[in-house]
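A.B. asks: Fit chain to chain and form the complex, with the hints in mind.
Order-wise, the sequence lines are chains A and B. Take the first sequence: its letters are residues 340 to 784, numbered as in the numbering used here. Take the second sequence: its letters are residues 6 to 719, numbered as in the numbering used here.
No wet-lab data here; the hints were simulated from the structure. C-beta atoms are modelled at their ideal positions from N, C-alpha and C, and glycine is treated no differently. Among these hints, one or two may not hold up.
[Unchecked claim] Mimicking SDA-like on lysine to any residue, the simulated pairs with C-alpha atoms at most 25 Å apart in a straight line are:
hint, chain 1, residue 1, chain 2, residue 2
1, B, Lys476, A, Arg351
2, B, Lys670, A, Leu538
3, B, Lys171, A, Gly552
4, B, Lys152, A, Leu538
5, B, Lys90, A, Met504
[Claimed, not checked] Residues from chain A that keep clear of chain B, each with C-beta distances beyond 12 Å, as calculated:
hint, residue
6, Phe367
7, Trp414
8, Ser478
9, Asn481
10, Asn496
11, Ile507
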Amino acid sequence: MEELPSITVSQREQFLVENDVFGMYSYFDTSDIATQKFMVEIQRDKQLDYLMNGLRQLGPSFSSLDANRPWVCYWIIHSIALLGESVDDDLENNAIDFLGRCQGSDGGYGGGPGQLPHLATSYAAVNTLVTLGGEKAFSSINREQMACFLRRMKDTNGGFRMHNMGEIDVRACYTAISIASILNIVDDELTRGLGDYILSCQTYEGGIGGEPGSEAHGGYTYCGLATMILINEVDRLNLDSLMNWVVHRQGVELGFQGRTNKLVDGCYTFWQAAPCVLLQRFFSSQDIAPHGSSSHMSQGTDEDHEEHGHDEDDPEDSDEDDSDEDSDENSGNGHQVHHTSTYIDRRIQPVFDSLGLQRYVLLCSQVADGGFRDKLRKPRDFYHTCYCLSGLSVAQHAWSKDEDTPPLTRDILGGYANHLEPVHLLHNVVMDRYNEAIEFFHREA
Amino acid sequence: MKPDRNKFSIEEPLSLSLDRSRDDFQPLSSTSERKMHGRPRKAYKPEEEAASASKAAKLRSLQTQFMSIHHHKIYTKEAIDLSRKLLEINPEAYTAWNYRKLAVEDTLSREESNQDLVKSILDEELKVVESALRQNFKSYGAWHHRKWVLSKGHSSVGNELRLLDKFQSLDSRNFHAWNYRRFAVELTNRSKQDELKYTEDMISKDFSNYSAWHNRSVLLSSLLARKAEGFTPNEKIPEEYKLVHDAIFTDEDDQSGWFYHLWLLDQTVNVETPLLTSSWPSHGSCINLSGGDGCLNDSSSSKLTTFCSDLGSFPLILYFDQPVSGVSSSTVAVDSELRGNEDLVWEPVSNKNSRVSCVWVARLNYMSSEPCFPKEYKVKVRIGNSPGIVSSRGCNFSTPYEFVFTAHVHDTVREDSQEVIVSWTDGFDIWDAQSKDLNFLVNLDQQMGLKWRQEAIEEEIELFRALSDSKIGKLTLARLLMAKAMISENGVKGVHYEEILELYSDLMVLDSSHYRYYKDEHSVALLHKVTSSTESLSRYLFQYRDINNSICLRLNNLSLSRIASVEKLLFVQMLDLSHNELHSTEGLEAMQLISCLNLSHNRIRSFSALDSLRHLKQLRVLDVSHNNIGEHSVDTTRYLCSSPLSNSEWTEDEVGRQMTSLVTKYWDAYFVLRDLDLKQLDIAGNVIAGDEFSSFVPQVVPKLVWLDGQKLRS
Chain A
340 MEELPSITVS QREQFLVEND VFGMYSYFDT SDIATQKFMV EIQRDKQLDY LMNGLRQLGP
400 SFSSLDANRP WVCYWIIHSI ALLGESVDDD LENNAIDFLG RCQGSDGGYG GGPGQLPHLA
460 TSYAAVNTLV TLGGEKAFSS INREQMACFL RRMKDTNGGF RMHNMGEIDV RACYTAISIA
520 SILNIVDDEL TRGLGDYILS CQTYEGGIGG EPGSEAHGGY TYCGLATMIL INEVDRLNLD
580 SLMNWVVHRQ GVELGFQGRT NKLVDGCYTF WQAAPCVLLQ RFFSSQDIAP HGSSSHMSQG
640 TDEDHEEHGH DEDDPEDSDE DDSDEDSDEN SGNGHQVHHT STYIDRRIQP VFDSLGLQRY
700 VLLCSQVADG GFRDKLRKPR DFYHTCYCLS GLSVAQHAWS KDEDTPPLTR DILGGYANHL
760 EPVHLLHNVV MDRYNEAIEF FHREA
Chain B
6 MKPDRNKFSI EEPLSLSLDR SRDDFQPLSS TSERKMHGRP RKAYKPEEEA ASASKAAKLR
66 SLQTQFMSIH HHKIYTKEAI DLSRKLLEIN PEAYTAWNYR KLAVEDTLSR EESNQDLVKS
126 ILDEELKVVE SALRQNFKSY GAWHHRKWVL SKGHSSVGNE LRLLDKFQSL DSRNFHAWNY
186 RRFAVELTNR SKQDELKYTE DMISKDFSNY SAWHNRSVLL SSLLARKAEG FTPNEKIPEE
246 YKLVHDAIFT DEDDQSGWFY HLWLLDQTVN VETPLLTSSW PSHGSCINLS GGDGCLNDSS
306 SSKLTTFCSD LGSFPLILYF DQPVSGVSSS TVAVDSELRG NEDLVWEPVS NKNSRVSCVW
366 VARLNYMSSE PCFPKEYKVK VRIGNSPGIV SSRGCNFSTP YEFVFTAHVH DTVREDSQEV
426 IVSWTDGFDI WDAQSKDLNF LVNLDQQMGL KWRQEAIEEE IELFRALSDS KIGKLTLARL
486 LMAKAMISEN GVKGVHYEEI LELYSDLMVL DSSHYRYYKD EHSVALLHKV TSSTESLSRY
546 LFQYRDINNS ICLRLNNLSL SRIASVEKLL FVQMLDLSHN ELHSTEGLEA MQLISCLNLS
606 HNRIRSFSAL DSLRHLKQLR VLDVSHNNIG EHSVDTTRYL CSSPLSNSEW TEDEVGRQMT
666 SLVTKYWDAY FVLRDLDLKQ LDIAGNVIAG DEFSSFVPQV VPKLVWLDGQ KLRS
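Isolated chain B, as found in the complex (with noise of 0.2 Å):
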């Protein structure tokens, strides 16, 4: 039979192992496949097919004895050379780099004195690298063996750069070298400002080489992290700018300067150190606690400042900018006279089981088992005195911020069912509240106001409105503009949401097929705004009378499809937001005051989707009628290696027991409504509602009192 002339040449011209548009993604490396089936389809003469054969046949001889010598261990000069031998023709064979790393690893440990054996046998490694590279310049156990060198100490940065050089101006995007870039610049401690200028040379070469942007950013990041002279974000990031318009005025298709500038704004808008957001109580504020499910009767000013309990307890809610890991009560010092909170336990609320979190709660005790009597208490919070508060990109909270709150504790009956059932259709009135009343709850303290952002924000704006015509343009300008709502000092002064929910209005429009992105900022934008002043957001505020005039924020009908600005809604009971088209409550831990909250007809799809709840504490009352709950559309068993119920944490407790078959079922919505505390539910108006799944719920929440409109018990 004769050798099939597409299998197995040997043989491969550098100029096709370096073609720079080729970039697949095989499993080891493209040229291996390229030399099998990849040659070009011509007509062979035939003194090439006897080559060919005869190359073929003697690497089939170097492979046999190759595999030989590494069985047996023989790590001779003669043996190593074989090794080199066939990884020069074929760098894929990564069983030869590993015979080679052992075969280097056994010299070495006999003569580990001698400096220039030691040397010679690392640069004839280097060599084997860089002839196989040759070869196939996407080898993945080449780049590797190179960097198992490197590792050992040897080889000087400028040995390594003048090989980049060389193939990276054959290939500019290959993301090997760029990797091995990287990490020779680490290991080597070559300053990254002569990275930093090198991407320059490479941009200035050709802007749309994406992957010398992508390098920038991360080279700047490590700059600007460690604050490298002359890297200090307010001269930098402007500077920044100015290069990456030169790249999107001179082509608008081209991708590469876009993403570099989505970075950009990202270095804009975000502060390094983390920042304490908001609070509740907030500073300043008085509040009134009482016990038991009824609220007091009291003026209208002071609703949204009582809060009541029947766990007897409040929650402080801290809101940082970004993700913190270190709140504890060594950081964070509380002082008051409430009794029983000498040492209060921070958790963050988070679903994951993490350590890090934008929100942290502690629960105060007020309710003391000795008689109470109305007082007033101060409570003074001291965060970030001492060190440990840390982001999760490493940073301190560095500077210590305190508050001062008032507590007024009331003495009430306690009240343990809920005899009236919260029907969310009527009862509500319009809050004619003072905006005085309000103004603690919008104050916020922003500290990140500084001058160069904003001036570099504005400047930006100016230079895309004139580009807003295209796609990508008016997407710039939305985020742009948004950018600017989020460092202005106060909200709405020079903030133009109604000009950014119509860029949005008109991306979904334009850009039917990332509907879904553009309905999601489009949300954003929109609670930004509602949340914005004081003025904008009493207009969503409500009294519902059935509930003692208790005050509900009313988010309903707004086309919502996702939950933003919680940070500014903490203070908030009851929460309205039916008739959305809300996938997930993610978000909504953060306020964990709710105790009543209305999610009905929306578009939730299971109960994980509400996973976020388990953190809401209070809560009591929950409509999710008229979802899409038990309207898989994916098939959770088919995806999940296994299954979410092997984990066996259920069969622990008595209703798992119990319930197996109803549990296996149902296990979503037990894992949710088992952490709840409820004592009314709507679940009417899902795939999942029935009569069985009715059964199950009261065995799941003992407590529950309403089910579907339904007294359970009496």
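So here's chain A without its partners, still in its complex pose (with noise of 0.2 Å):
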């Protein structure tokens, strides 16, 4: 041992993390199977609980000291959506007066009453309203003042500022178009030079940076591709290396990590698997399955059959392994579940190991008592709840084809009892309240 160079920093933290997260998973695996069961379960009534307690601490005045108040509305009230929920009429009507008065009289969201309107609180804002849902909802907001506040954010470069003489970075890029999308206010002004300011953010590791010049990073990742996936420029970008990049952010642990060399962090459930799903829906489902498993399915469909055999050879199915099990075996303990056995019947094949995601979460980021978290040893707070319980909705349908079909019971770690409203992977709200919102507004128009 003392031959070994001493090791860094980060490496350090990282064996802190592993340490913290293969324990968790030791325990899991060693324990019997009712209490296997119960830390596998999402505990929807405390999870429900410490929302909605957050939403009506909110108010009754929606207090607006701080300068994301419709984040946090949005976070919870997403939450619940997920959660196959909805808030009662009191709290909606509170939640839509509030969202109105942080609308700026030129258009756009602030952070609260009488702040500057802010493209990141205007996303949130809206994406709340789509959420609750309803005509009083959607009709508060006012489009076309929104419409020229997207306008004024517009910079020559074209990207985005965050607000008036604010930072230009691909959130506001994203919040820009997505609201827009929503709102069926894009047009040719809005959408010109994006595509190139985008691009320029994406660097050789493959993944997208916040501004040119920076590493990049699975938030930022998220917002670009979803940016020219919604203006319709995906094809520009490098998606190769982009693939590349965002499945390989999946570590050891099996949550997801934001940056090379970063620790594990429950939110990137979502902002790394979200890009993930998109790419396997851009590419063709058969070429991503694993090929060693062509010849047992059951619903393989027509020309795979006949594809496949040159040139490959052919693996026993059991080799399939990840990066996973080979820790596992490092690390003397492990998770014993070997799922990637029940993959032979083939829908899309996920490039992410997305049970062992939804294990991660489940296990190291769900806190018993309601609320999720980054990792194990961390507090709750809404915004990873948010992000954790929209990343395994994300996992859950990972296998489907599009938001529309459900998942199997396999599909799902826990089974139904766990199952989360699939989601609209462009800008995050729940796939019903999406049509509901696109509908009214394409009405409108």
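C.D. replies: Right, here's the structure in full:
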């Protein structure tokens, strides 16, 4: 052991996290069935209590001390919607009124009443109102003024500014285009040069950074990819290297990291898994599946059988493993659920380890008392609750060809009791709510 | 009601906001949320609760007062102080940052000449930012405000670096700080060499710090690009390899070094200045030109060089090693006796409407209205005599280059319709060409065989053969071997294509979740191998009896998932890519001579994936049968923000107006097919195929003679 070079700080931290995570997995694996069942269950009642409490404490006056109140509304209300629930009329009306007061007279929403309109809080407000649904919520958004606000935020370099005199980055681009797309106010002026700007932020790693010159980052990668899909210029990105980068951000802990060589964090369950699923839906489903299993498919389609065979040696199915199994051996414990063997029946083979990811979120990020967190030993918060649940939903639907195809029981760790509503991958709002909103805003136009 | 302790507690210990392991992607920043909900859940003492409540009340009142002064545009000293108090507690209050910008502008407009005052005002701003950053290191608003102050020409690089050092030693991965660092260095013209030294220090402290590696690549790119002293690639890149080896070999599982290594390899292989990779016709070649569809009955050896076109012109193709702009009649001189080519129009061949492309084409007329006698013409092409050809990275095509070819123009009878159906199934004979017939095809001018590049890669290969047990080791070795193949003087010698193919095959098995990526790389390597020598290429060339023994390149049944090496295949007129695993035809747009193309039994899912074919002006026969066209796994109408038809260009043409509903239904087919001048199309065996689609096609492609083996008109 003395021979080993001294480890770096990041390596030490990584080691500590792995220790925690594998400790948890090992505890899970050695527990009895009833305990295991409890551990992977989404504690719906506790989760709802936590969320509803948070929402009630925002009101009744929706005090505006912070610069991101609309975000808190979105995190909570979207999380509730993912769990298949709605808020009561009082809370709904309060939220609509409050967001109405955040809306500036020249369009856009600020972080609280009287604050400057800001693209990120506008995105949160619009997504919240879409999630609440209904005529009152939808019509509270001033579409014409919003269009003016978005045009004011557009910079000559093709990107968007967060707010008047604010910073330009990929988040701003995404939030602007997501809003414009839902409200059906996209036009040439908004999309002009935008693809060029996003393109200049893709790094040689494959992922997308926040601004030109920055290193690739999970959140910005989601924003950049979603923007490019929304403006129909996704082909301009180097999708192969993007796929390569994003898939490799899932580490031995089975959760995702946000950047090269950073620690795992529950919120990247959404930021990284959503690009994976978006990319895999853009690529042909057949090609993503490991080739070894093609002869076992029960639902395999047409030309698959004849295509395979030449040029490929035929590995046994059992060889199909992931890096997580290697690490299991190394760390001397490990999860024994050989979930890969259940992939025989194939729809879309996820490009990431979906059940492994769900395992990480449920065992390491869920707080039994309600809420989700970054990782073990960290406190819960609404931000992580929102993006852990959103990511879980994405992971559960990773095998489906589209949002309307329900997952099979085996796709969902913990079974159908854990099923979450599917989300629209480009906007991260629950699909049904999105459909209702789109119908409304296209009627409006 | 008791105030909620999780919600409105204000103060935040510095240690928490500088928590280095935290790297999430909160919309404003992480600590505001943390302030509200992130407190470790432990019992609170009553006095803590009381303190917290009083702070909440204080902040609430501050906030109210601030909103009032902001809305009334009051810029007195007291008012400005108030905004400072607010920001020190809550750096996320971006409205207050904007207020301060307005306040500063207000004072500056009145007191511009008072240098001392200006300085003290801007100093104050920097102080506010600094204390806000202490409160929350990840505040977008605070960093942005500081950039704004610096843009006013204030502060010194020394100050900024001292501040950054303080923060970066607490969190070496904070991307706000790194972004700001790049900004400040750029603005103050701090020497990039010094910055490079800084990244070296950061790396030697912690080689896992990928942010430092990344910044190193940004700095080196810039230093190499402007040829700073001591920064020639042949000196610097080998040194960098040594540096990164330390990291890679210390811990093979650490990702940072691998990514930097990938970047280095990229720098080793790619040359900054654009080069001409190939052309058609190629230097020293002799081509036969004739009109009409029926080609010359000539000896087989000239088949490859015979070009027939009903357009009466042939394409002159230039293929560059990287996308360039500025190819025009002023940067490329074409001297020939062929008439009517005084002002050639050069067009980039690219799928987007950009003026940048690897491939540029001009069409030279050879059929004139006057009776044309068989004649021989010399054509001389000179590229880059005058500047103007520039790569997308801004480098000039600097080495003028010239090539000469001969064109024989023959007079032939024109035939207007295609009576022969191309069946693809039989009628192919092995082509027993002499390799001398092929020599000119693959004899390309490779001008980049610089010695240091080969040596550097050779060294890396030796080193990584030892590490090739791991996935990343295998992948790196495969990439290195490919790099070697790309920069070798003469294609085959010393290149181990079999080894590359084997490595990728191994990886497909070992790492099935990245199967597709390896598959594509495997295809690229395979096509490199096929085109690496005349011997190898001639094995794939056949004669097709049904059309005058035309030469057909058959790359069928190779399990290809991607097209590559097209720069060596510009001569191909008949191409069989059937029974592969292609998803798109991207790359084929360069092969401007193609008239017959077989893509049957591939994995093409939509007409959009055939978009590149729109550039093939000679294409007459297309087989896309037995693909997955029409099987959208993504519902495009759902994902596009507006219907692709909303640009309404289709309503302006005749067909679009007459068949609105069919065009709407088959819009992607419509956009591709209407630009193709096809005589034969095979579409059977796709989801989209059917009676309705079969009735739609002939209206969009009026010259079509054969559809799925059926003759449409006599």
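A.B. asks: To test your reading of the hints: which numbers does this structure violate?
C.D. replies: Checked against the structure, the hints that fail are numbers 2, 7, 11, while the rest are satisfied.
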